[in-house]
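Trainee: This is what each chain is made of:
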Amino acid sequence: MGLSEKEECVLLDQKLLVFMDQLELLEEKRERLNSLIEQGWFSMSKARYSMGNKQVSALQYGSEMEPLVRVHTRTLESGEAEFQTKRRTLKSPEERQVEDIGPKDKEGVRRRVKTQEVPEIDQSDNKHPWTETEPAPSSKPEPNPQQDPLKWFGILVPQTLKQAQASFKQVVELSAEVATLQSAVLTTRQQLWTRQTRRTDEPG
Amino acid sequence: MAGRGKLIAVIGDEDTCTGFLLGGIGELNKNRSPNFLVVEKETSIAEIEETFKSFLIRNDIGIILINQFIAEMIRHAIDQHMESIPAVLEIPSKEHPYDASKDSILRRAKGMFSAEDFR
Numbered sequence: 001m002g003l004s005e006k007e008e009c010v011l012l013d014q015k016l017l018v019f020m021d022q023l024e025l026l027e028e029k030r031e032r033l034n035s036l037i038e039q040g041w042f043s044m045s046k047a048r049y050s051m052g053n054k055q056v057s058a059l060q061y062g063s064e065m066e067p068l069v070r071v072h073t074r075t076l077e078s079g080e081a082e083f084q085t086k087r088r089t090l091k092s093p094e095e096r097q098v099e100d101i102g103p104k105d106k107e108g109v110r111r112r113v114k115t116q117e118v119p120e121i122d123q124s125d126n127k128h129p130w131t132e133t134e135p136a137p138s139s140k141p142e143p144n145p146q147q148d149p150l151k152w153f154g155i156l157v158p159q160t161l162k163q164a165q166a167s168f169k170q171v172v173e174l175s176a177e178v179a180t181l182q183s184a185v186l187t188t189r190q191q192l193w194t195r196q197t198r199r200t201d202e203p204g
Numbered sequence: 205m206a207g208r209g210k211l212i213a214v215i216g217d218e219d220t221c222t223g224f225l226l227g228g229i230g231e232l233n234k235n236r237s238p239n240f241l242v243v244e245k246e247t248s249i250a251e252i253e254e255t256f257k258s259f260l261i262r263n264d265i266g267i268i269l270i271n272q273f274i275a276e277m278i279r280h281a282i283d284q285h286m287e288s289i290p291a292v293l294e295i296p297s298k299e300h301p302y303d304a305s306k307d308s309i310l311r312r313a314k315g316m317f318s319a320e321d322f323r
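Line by line, the protein sequences give chains A and B.
Last residue of the first sequence: 204 in our numbering, with the numbers rising by one and none dropped.
Last residue of the second sequence: 323 in our numbering, with the numbers rising by one and none dropped.
Calculated from the structure, these hints are not laboratory results.
Please note that a few of the clues may not be correct.
[To be verified] Below 27 Å or equal to it, Euclidean Cα-Cα: the simulated BS3-like pairs (lysine-lysine) are: (1) A:Lys54 - B:Lys298; (2) B:Lys306 - A:Lys15; (3) B:Lys257 - B:Lys298; (4) B:Lys234 - A:Lys29; (5) B:Lys234 - A:Lys86.
[Said to hold, decoys possible] Covered by chain A, per the in silico footprint, the following chain B stretches (three or more residues, Cβ under 8 Å): (6) 208–216; (7) 245–257; (8) 272–284.
[As the list claims (entries may be wrong)] Just the calculated beta-carbon pair ranges, DEER-fashion: (9) A:Thr75 - B:Glu276: 22 to 32 Å; (10) A:Glu38 - B:Glu276: 14 to 24 Å; (11) B:Arg311 - A:Arg32: 18 to 28 Å.
These figures come from a predicted structure and were not determined experimentally.
For every residue, glycine included, the Cβ atom is placed at its ideal position computed from N, Cα and C.
So that you can see chain B by itself, here it is in the shape it has in the complex:
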């Protein structure tokens, strides 16, 4: 795993973004788009989806962290993402605990099972 390494992006509410920026993942300068989006009440679904898609296109982002309640708003876009990089991790928020049944990855992993698979 040589090279400079990729960024970790985050799409979340203010507390989530503040926490991860404290953790040292943030990149912000005049030359490049930031690797985080603070989602507020006024933030439109279109903006969230556009930011998510822009993170997918960038080849310098390895992991995208997204609050699950925000992921629900753009579920169709997340379900369409089939590549292993960047990885998309759904995380809880203060008001919305993590629900494994809604996670795209786990639904893909478990949902294809049928009784035939165990014969």
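Isolated chain A (complex conformation):
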């Protein structure tokens, strides 16, 4: 048994109110998103001013990158999509490969050269500093794709660049909320349109 005209109108009104609320919330979130983006640019400009124009640019991007934040999506029965970000914590210092800065142990100024007598070598110890005369192969630290992107711009970066990063991290979180709201708005709009069309088509 279908709904009466009055019930249909009430439902339509409720849906319309929900739609208006969603639009209002979307507008608020959008304003916040845009404001945070502008804040991020401002901080980046200040960092560029102190570091140099070319020091904060695409030239500094890492050669390999792995995303530190991903978005999980879910589609509801109504067709509406939900988005939620999940940020990966960077590896702890123990798990991360330590970058060697400076000369290696075996690249010292003095090298001990093997003399005539051969010392007894402990089989358990393969490293014998007195017998190795050739320098250790210099190894270039490989780029770590999982590193904090801040490190692309140098070891010591100004506070303003960190502030820019913090702003854009918030923007990423907010983007997922805005995407969810956008989907909700469109779904509600579609439901309104369907109900309205059905109401108009029904005789009487």
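Chain A is already provided as a structure; the job is to place chain B on it using the hints.
Mentor: What follows is chain B alone, placed relative to chain A:
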């Protein structure tokens, strides 16, 4: 929402891309196409559109962020996208503030209203 999660892609000018890459969204390796495009003065509209469409086809991208002035260049392609995933978010750029009247999503949401809808 189980699984590895999807990527967030960005099509924007250098400042926009730098900001979001600082935020940790970037993926770049020899095995896969990057999930970002830095649009410069020399970047053609065809390249922008091709990149946008390639992001739509990929099933590992959940959100596409695009500067609104760039979105205007490929408005027809954005308007054709009706699926909820990936979501397309238009964002301002330094020289072009956000204009809600140009946003595809908001135009779709509001533009279909007529006086009949409120009777």
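Trainee: All hints, please: hold or fail.
Mentor: To see whether the hints hold, each was checked on the structure:
1. Taken as a hint, the A:Lys54 and B:Lys298 pair is honoured in the structure, with Cα atoms around 18 Å apart against an allowance of 27 Å.
2. Straight-line distance between C-alpha atoms of B:Lys306 and A:Lys15 comes to about 25 Å, which keeps the hinted pair within the 27 Å bound.
3. Our distance criterion of 27 Å between C-alpha atoms is met by B:Lys257 and B:Lys298, whose separation comes to about 25 Å.
4. With a C-alpha separation of about 36 Å, the suggested pairing of B:Lys234 with A:Lys29 is violated against the 27 Å cut-off.
5. Simply put, B:Lys234 and A:Lys86 have alpha-carbon atoms about 24 Å apart, close enough for the 27 Å limit, and the pair holds.
6. Counting residues of the stretch 208–216 of chain B whose CB lies closer than 8 Å to any CB of chain A gives 5, so the stated coverage by that chain holds, three being the minimum.
7. For the stretch 245–257 of chain B, the proposed coverage by chain A is not satisfied: 0 residues have a C-beta within less than 8 Å of a C-beta in that chain, short of the threshold of three.
8. Only residues whose beta carbon comes within less than 8 Å of a beta carbon in chain A count, and the stretch 272–284 of chain B has 0; fewer than three means the coverage is violated.
9. Distance hint check for A:Thr75 and B:Glu276: the Cβ-Cβ separation is about 29 Å, which falls inside the suggested range of 22 to 32 Å.
10. Between A:Glu38 and B:Glu276 the beta carbon distance is about 19 Å. The supplied range of 14 to 24 Å therefore holds.
11. Restraint check, B:Arg311 to A:Arg32: a C-beta distance of roughly 21 Å satisfies the suggested window 18 to 28 Å.
Violated hints for the displayed structure, listed by number in ascending order: 4, 7 and 8.
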